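A.B. asks: Here are the chains, one letter per residue:
Protein chains: 2
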Amino acid sequence: MKIDFSTSNRIIFGCGEFRKIADLIKGWGHRAFVIRGNNPTYGKEFFEIIDGLDLEVTYFKVDKEPDIALLTAAVKLARENKCEFVIGFGGGSVIDTGKAVAALLNNDGDLMDYLEIVGKGLHLENISKPYLAIPSTAGTGSEVTRNAVIDVPEKKVKVSMRNAYMLPKIALVDPELTLGLPKNITATTGMDAFVQVIEPYVCNSPNPMVDMFCRDAIPRAAAKLFLAFQDGSNIKARENMAWVSLMGGLSLANAKLGAVHGFAGPIGGMFHAPHGAICACLLPAVMRVNIENLKNAEPQNASLMRYREIAVWLTNDLKAEVDDSIHFIETLCKSINIPRLHEIGIMEKDFALIVEKSKHSSSMKGNPVQLPDAELTRILELSF
Amino acid sequence: MKIDFSTSNRIIFGCGEFRKIADLIKGWGHRAFVIRGNNPTYGKEFFEIIDGLDLEVTYFKVDKEPDIALLTAAVKLARENKCEFVIGFGGGSVIDTGKAVAALLNNDGDLMDYLEIVGKGLHLENISKPYLAIPSTAGTGSEVTRNAVIDVPEKKVKVSMRNAYMLPKIALVDPELTLGLPKNITATTGMDAFVQVIEPYVCNSPNPMVDMFCRDAIPRAAAKLFLAFQDGSNIKARENMAWVSLMGGLSLANAKLGAVHGFAGPIGGMFHAPHGAICACLLPAVMRVNIENLKNAEPQNASLMRYREIAVWLTNDLKAEVDDSIHFIETLCKSINIPRLHEIGIMEKDFALIVEKSKHSSSMKGNPVQLPDAELTRILELSF
Chain A
1093 MKIDFSTSNR IIFGCGEFRK IADLIKGWGH RAFVIRGNNP TYGKEFFEII DGLDLEVTYF
1153 KVDKEPDIAL LTAAVKLARE NKCEFVIGFG GGSVIDTGKA VAALLNNDGD LMDYLEIVGK
1213 GLHLENISKP YLAIPSTAGT GSEVTRNAVI DVPEKKVKVS MRNAYMLPKI ALVDPELTLG
1273 LPKNITATTG MDAFVQVIEP YVCNSPNPMV DMFCRDAIPR AAAKLFLAFQ DGSNIKAREN
1333 MAWVSLMGGL SLANAKLGAV HGFAGPIGGM FHAPHGAICA CLLPAVMRVN IENLKNAEPQ
1393 NASLMRYREI AVWLTNDLKA EVDDSIHFIE TLCKSINIPR LHEIGIMEKD FALIVEKSKH
1453 SSSMKGNPVQ LPDAELTRIL ELSF
Chain B
1093 MKIDFSTSNR IIFGCGEFRK IADLIKGWGH RAFVIRGNNP TYGKEFFEII DGLDLEVTYF
1153 KVDKEPDIAL LTAAVKLARE NKCEFVIGFG GGSVIDTGKA VAALLNNDGD LMDYLEIVGK
1213 GLHLENISKP YLAIPSTAGT GSEVTRNAVI DVPEKKVKVS MRNAYMLPKI ALVDPELTLG
1273 LPKNITATTG MDAFVQVIEP YVCNSPNPMV DMFCRDAIPR AAAKLFLAFQ DGSNIKAREN
1333 MAWVSLMGGL SLANAKLGAV HGFAGPIGGM FHAPHGAICA CLLPAVMRVN IENLKNAEPQ
1393 NASLMRYREI AVWLTNDLKA EVDDSIHFIE TLCKSINIPR LHEIGIMEKD FALIVEKSKH
1453 SSSMKGNPVQ LPDAELTRIL ELSF
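Protein sequences appear in the order of chains A and B. Offset between the first sequence (1-based) and this note's numbering: plus 1092. Offset between the second sequence (1-based) and this note's numbering: plus 1092.
Chain A with its partners taken away, still in its complex shape (with noise of 0.2 angstroms):
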C-alpha cells in the first residue's frame, strides 16, 4: 500500500451551495478575476450573485480550450487590473484558465515559463492567488487536479502547466449548476468522468486511496449516466454525476491512467475535439482490447480481476463476466449518442501518427498491459 496525495484545501460539494459564495471568498479582497464559459445564458443566478457582492469584477471569458493567447490574454487583464483573488464557473477550460491566472498572479514571468515541453517548466516559487474553481459540467474533474491543459495549435500539441501550487483553493461542485446542461455535453462529460474512475482502478499500479473513490464512483456511473442524458432535470442523477466527477479528478490527480488517457492527449493536440468526446469515443475499444490482451498474455493479471470487479458494478449482478463490461459499456455509449472517432474530424490516415505520438505518452504508462502498435491501431480501427 503506497499512496502520494494531495487536493485542493478545501472540497465542498451539495445542492444549492453555489448560493454560498460570499462566505467562501471573505478575507481574499475586493478585486476578483471571474472566468465563465461561452454561453451568456447559462448560470444566470450564480452571475447574479456575483454581481450583488460588493466586489471590483474583472470578466473574462473563455470560448474554447485555452491556448497560451488565450491565457496570455487573461493574465495580462488580470494582472492589469490588480486581482486579488480569481473564481472560474465553467467546464474544464474555465476551471484550467483560472488555474494559470491565479498562479501567474502570484509569480512573475510569463506562462511560457512555466511550461512542460515548450516552455522552460520552471517551478512556481509562490503559491496561486486564491482561487475559487465551480464546475458547471460533470465531466472533468479538473477543480481538484493539479495541472492546466494548454492547447499549443502551432505545434499540434497539449502541454499542461503543473504544480500543486495550482489546486484550487477551493472547489465547489454544485450539482443544480449542471442541470441546463444540453445532452450532448451531458453524455460525453459523463463518459469522461465515468473513464477517469475506470483507468485509475484497472490501472498498473492502482493505490489504496484511489480505490476508494472509483468503487465509490464506478456503480454511480452505471446506474445514472443514463437517466442524465435521458432527462437533464434528474437532479438525483445529476448529483451523481456531479460526484463521479469530483471523484474522478481526485482519482486522475492521484493515480495512473491507461489508453484512453493516453490516447487523448495526443489526439487533443493534433484535432480540435472536446477531451470528453475523445475518451468516451474510445473507451469501449481500449477496455475491449486491454481485457483480451490480459486474458491471452496475463490471466492471472490483477487488473484482469478487477475489470471482472467492474462488470459486476456495472450490471449489478455478482454472476457478471469480465467481457459483460465491455458490453455495459459499449451499449450506454450507443444509447447516448457517443460520437466514433470518424465523427470528430478523424480520419483513418491519421492513425499511424497518433499511434506514434501516443504510445509513449505517460498515460499510456499507466495501461494494465502493454499494447503492442497493432493492438493500438485496432483500439482506433474499432472506435472508427
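The hints are simulated quantities; they were obtained by calculation from the structure and are not laboratory data. A couple of the hints might just be wrong.
Any copy, or any two copies together, can satisfy a pair, since identical chains are not distinguished.
Below, computed lysine-lysine pairings styled on DSS-like, alpha-carbon distance capped at 27 angstroms [to be verified]:
1) 1094 / 1275
2) 1261 / 1168
3) 1156 / 1168
4) 1094 / 1118
5) 1387 / 1411
6) 1328 / 1094
7) 1328 / 1112
The structure presented is a predicted model; accordingly, all values stated were derived computationally and were not measured.
Please arrange chain B on chain A, whose structure you already have, making use of the hints.
C.D. replies: Positioned in the frame of chain A, the structure of chain B alone reads:
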C-alpha cells in the same frame, strides 16, 4: 449528498517512506523544530536521518498529553531559535503539539489568544509554518485533523485550538514506524482508530466522502487489529492499521462522531487516562446501547441499517445480524486486553458528573440516537 472536506496539502503513505524526508522538507528552511515523544530509543533510524541532514535542529520532548504550560514552553523555544518549520514524530500528543507550534511560529500572540472556551478563540491570521507530521502510532489520525487537543488541568477540561491552517502541510504515515509499539499501545490506539471509522459511519449525518473511508477501513480493522496486537512484527497487519488510523483522521475531521467521543473529551479532561484507552473502553457499550435504543425507538433508522452493514464486514458473514457487531467488538476488546473504566481510574461516584459534562458535547450531538441520562449512565455501567 453534501460534503465540506479539508485535509493536509499532501498525504504520503507507505512502508519506508520516512527515509525520504529530506526530499519532503526541501525549501522549508534551515532551522527545524523537531518534536519527539518520551521513549529515547524509539525511532532511532528516524532521528539518525534527521541528525544527518544539514539542519539546525531544536529538539523538544513531549512526555504527556499537551497542556498549556508545555505548549507555551515549546512555542517560546521555537520562537527564540527562529525555527522555520516543524517536524513532529510521535503519537497524537506530539503531532498536536507540532500543530500549535507551527501555527504560533507564524502568528503573533499567546496560545490563550487562540484557544476555544478557556481563551479568546481568535482566528489565526496567517497560515502555519510548514509542518511535517509523522505518526508513530496507528491510532489518532491527528496528522490529518485541523485541531490540537490541549489539556487545561486547573479546569479539568480539554479544549481545542482549531483552524484549517493547522492541518499539517505534509502528513507522512509510514507503517514501519509502528513496528516497535508495545502490545498495550497497539491495542488502545488501534481501537481508537477503529472507533474513528465506526462513529462517523453510523452518526446522524454521514457524508459520502467519509462513508468511503469508513467502508474501506472497518473491514481492515476487523481483520488486522488482533493480528497487529498478537504479533507486532506483522507488517501487513501494521500497514492495515496505519491505514485505518489515517482513514479515521480523515473521517473524524470531516464528519460528526457519537457517544464514544462525546464521553471521551470530558473524561479525558477529568482523569489522566489516554484518549485511546477511554475510547476503546467505551465502544462496546456505546454500540450496545445505541443499537438497543434504535431498535426500540426507530427500527427504520438508517444508522441501524449501517450497524447491520458493519456486522457483515466485521464477521465476514453476509447473514450477520446487527447484534453480531456488538459481540464482535466485545470479544475483540477482551482478546486485546482493553481495560475497563475502573482500571483507568474512574469510579462509579464519578458517573453523574461525567454524564452531566458529556451530554451536551459536540460529539454527542452526532450520536445516531439521542440518549437520555439513564442510558448514558448505562453505557458507563456496562464499561465499568
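A.B. asks: Each hint needs a verdict: does it hold in this structure or not?
C.D. replies: Here is how each hint holds up against the structure:
1. Taking the shortest alpha-carbon separations for residue 1094 and residue 1275, only the inter-copy value of 25 angstroms comes in at or below 27 angstroms, while the best intra-copy value is 39 angstroms.
2. For the identical chains of this complex, residue 1261 and residue 1168 are intra-copy neighbours only, at 22 angstroms inside a copy versus 31 angstroms across copies, given an alpha-carbon limit of 27 angstroms.
3. Only within a single protomer do residue 1156 and residue 1168 lie at most 27 angstroms apart by alpha-carbon distance; the minimum there is 18 angstroms, versus 54 angstroms between protomers.
4. For the homomeric pair residue 1094 and residue 1118, the shortest alpha-carbon distance between copies (21 angstroms) is at most 27 angstroms, but the shortest distance inside one copy (37 angstroms) is not.
5. For the identical chains of this complex, residue 1387 and residue 1411 are intra-copy neighbours only, at 18 angstroms inside a copy versus 34 angstroms across copies, given an alpha-carbon limit of 27 angstroms.
6. Taking the closest pair of Cα atoms, residue 1328 and residue 1094 come within 27 angstroms of each other only across two copies (12 angstroms); inside a single copy the shortest separation is 34 angstroms, beyond that limit.
7. Taking identical chains as interchangeable, the C-alpha atoms of residue 1328 and residue 1112 lie at most 27 angstroms apart only when both belong to the same chain, with a minimum of 21 angstroms there against 45 angstroms between chains.
Violated hints for the displayed structure: none, as all numbered hints are satisfied.
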